[in-house]
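**Student:** Take a look at the letters that make up each chain.
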Amino acid sequence: MKLLFGKWTAIAKESIDRAAIVAKFLCLLHVTNTYIFSPTLVYGPSMLPTLNLTGDVVLSEYVSHRLGKVGPGDVVLIQSPENPRKMITKRVVAMEGEVVSFLVDPSRSDRSRTVVVPKGHVWIQGDNIYASNDSRNFGPIPYGLIQGKVWCRVWPIDGFGSL
Amino acid sequence: MSLFQLWAFIVKEALDKSFLVAKFFCAVHVTDTYLCSTALVHGPSMLPTFNLTNEIVLLERISTQNGKAGPGDVVVLRSPENPRKFVTKRIIGTEGDNITYIVDPKNSDRTETIIVPKGHVWVQGDNIYNSYDSRNFGPVPYGLLQGKVFWRIWPAGVFGSIGRRPETVDPALKVVEQSNPS
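Protein chains in written order, with my numbering: chain H, 1 to 163; chain D, 1001 to 1182.
Chain D with its partners taken away, still in its complex shape:
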């Protein structure tokens, strides 16, 4: 074959392979945006459900897009104070619910009651002593919810589903207790 033919053959092969790669990335992107995605969560506001250090969770996008995310669900939402930041909190109430919350549990017992306005949700971290949530920035418009967290995949010791109630014991501690029969 002449040099030009060889070169044309190589270019065609390269294009075919890169189309395959592009199609794969398309499929990954569509799944990530509309079906199921992963998130890295860290911070103290969801203790003991989520540890202080990094944990990887799976979130599904179907519930939030269809308006099916409700009280008890852990959700990832875009922060109303910084649109580039995503936060993970638990939904306590949806529109029309009466929420009674402790304003500042570290300093006082004062509670306030609020009705969640239409189209909004009230989110709180499980660790109310160290959580910046709806008690600070108010009810969040439903449109800011990105996905519902349903499974934890890392660290391996706490692999499993996320319940609809805040954990009362650190999930990592539960595994250690089971392995010690005495």
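The shape of chain H in the complex, shown without the other chains:
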């Protein structure tokens, strides 16, 4: 009886050790994915032709926006101001204080508007202005909603390279 109990504790100890190694690896993976860089699947028509309709895997990094290094021309991941659970991918067009002239609804008219981006906000637009729900619809977004910057594409392979 004692022998059986001894065997059981040995097995339990070994499984806890193995589980601890897996847990430590998952910790490291989580920290890297949240604070350094991670692969992200992006899809939708609003960033054509830069990003595909059916989905691209891109590497996005989470360091620049904390250092304030996000600027015009960067493709960024943002928490949507209309639905906090949704992440969207758009390009930063203008930073605070800059003047933006944009086509309000290019598929219907040529009307354009000019706006000054308020303090602490950025103006984002999808590359495909004909099918993009962006700052032209919901206004400039606070810089604090930027979650990361898209760095390069890793899938599909023939599109591999920085954006």
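Derived by calculation from the structure, the hints in this document are not laboratory data. Mixed in with the good hints there might be a few duds.
[Unchecked claim] Okay, derived cross-link-like pairs now, BS3-like style, lysine-lysine, Cα gap no bigger than 27 Å in a straight line:
no. : chain 1 : residue 1 : chain 2 : residue 2
1   : D       : Lys1106   : H       : Lys119
2   : H       : Lys24     : D       : Lys1023
3   : D       : Lys1118   : D       : Lys1085
4   : D       : Lys1085   : H       : Lys86
5   : D       : Lys1017   : H       : Lys24
6   : D       : Lys1012   : H       : Lys13
7   : D       : Lys1017   : H       : Lys13
8   : D       : Lys1023   : H       : Lys119
9   : D       : Lys1012   : H       : Lys69
10  : D       : Lys1068   : H       : Lys86
11  : H       : Lys24     : D       : Lys1068
12  : D       : Lys1118   : H       : Lys13
Add chain D to chain H, keeping to what the hints say.
**Tutor:** Using the frame of chain H, we list chain D on its own:
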């Protein structure tokens, strides 16, 4: 033992201890980011609920991450005007609510009514005479909320929960009145 063996033993011990410390900091960081955190609040905009001088509060992150922060809750949010600054305000309304607010109570009685857009909240400080809030920078996207304030831990005289309504009397004064039976 040879010198090299001694040195190897010391290095191994040091690494083990530092791994322990690193694991502890990991646990603290995970708790701080996803469960419960502390914040130092100061400023006049939440009088009389929060004093002018520094107070330490506990904030929980579960409500804001699950969309459960609603009207009456005191929340810490990232300022829409300065992404490096955190402000503490009370949520007055969530998306779809009709908010009627006094635009500038020190100078006039003029009120305005607004409907809070989808995905946004309307925040105001309890001290509307001296608060820079949604009446100035507009409704705030829900994604900027960092956590809900639920408990105050310093100063010790006002240790306790934060209610869903602005305090009408300075909480520190309430304690003094109770201790004086005459």
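**Student:** Run every hint past the structure and note whether it holds.
**Tutor:** Right, here's what the structure says about each hint:
At most 27 Å may separate the alpha-carbon atoms for a hinted pair to count; lysine 1106 of chain D and lysine 119 of chain H meet this at roughly 25 Å. Annotation: proposed proximity of lysine 24 of chain H to lysine 1023 of chain D holds, straight-line Cα distance about 9 Å (limit 27 Å). Our distance criterion of 27 Å between C-alpha atoms is met by lysine 1118 of chain D and lysine 1085 of chain D, whose separation comes to about 24 Å. For the given pair, lysine 1085 of chain D sits about 24 Å from lysine 86 of chain H by alpha-carbon distance, which is consistent with the 27 Å threshold.
Simply put, lysine 1017 of chain D and lysine 24 of chain H have alpha-carbon atoms about 16 Å apart, close enough for the 27 Å limit, and the pair holds. Simply put, lysine 1012 of chain D and lysine 13 of chain H have alpha-carbon atoms about 22 Å apart, close enough for the 27 Å limit, and the pair holds. Among the hinted pairs, lysine 1017 of chain D with lysine 13 of chain H is consistent with the structure: their alpha-carbon atoms are about 21 Å apart, no more than 27 Å. Taken as a hint, the lysine 1023 of chain D and lysine 119 of chain H pair is broken in the structure, with Cα atoms around 40 Å apart against an allowance of 27 Å.
For a cut-off of 27 Å, the pair hint linking lysine 1012 of chain D to lysine 69 of chain H is broken: about 40 Å separates their Cα positions. For the hint linking lysine 1068 of chain D to lysine 86 of chain H, the alpha-carbon distance of about 16 Å falls within 27 Å, and the restraint holds. Only pairs whose Cα atoms come within 27 Å are accepted, and lysine 24 of chain H paired with lysine 1068 of chain D is rejected, the gap being roughly 31 Å. In summary, the hint linking lysine 1118 of chain D to lysine 13 of chain H is not supported, as the alpha carbons are separated by about 52 Å, beyond the 27 Å threshold.
When each numbered hint is compared with the structure, violations occur for hints 8, 9, 11, 12.
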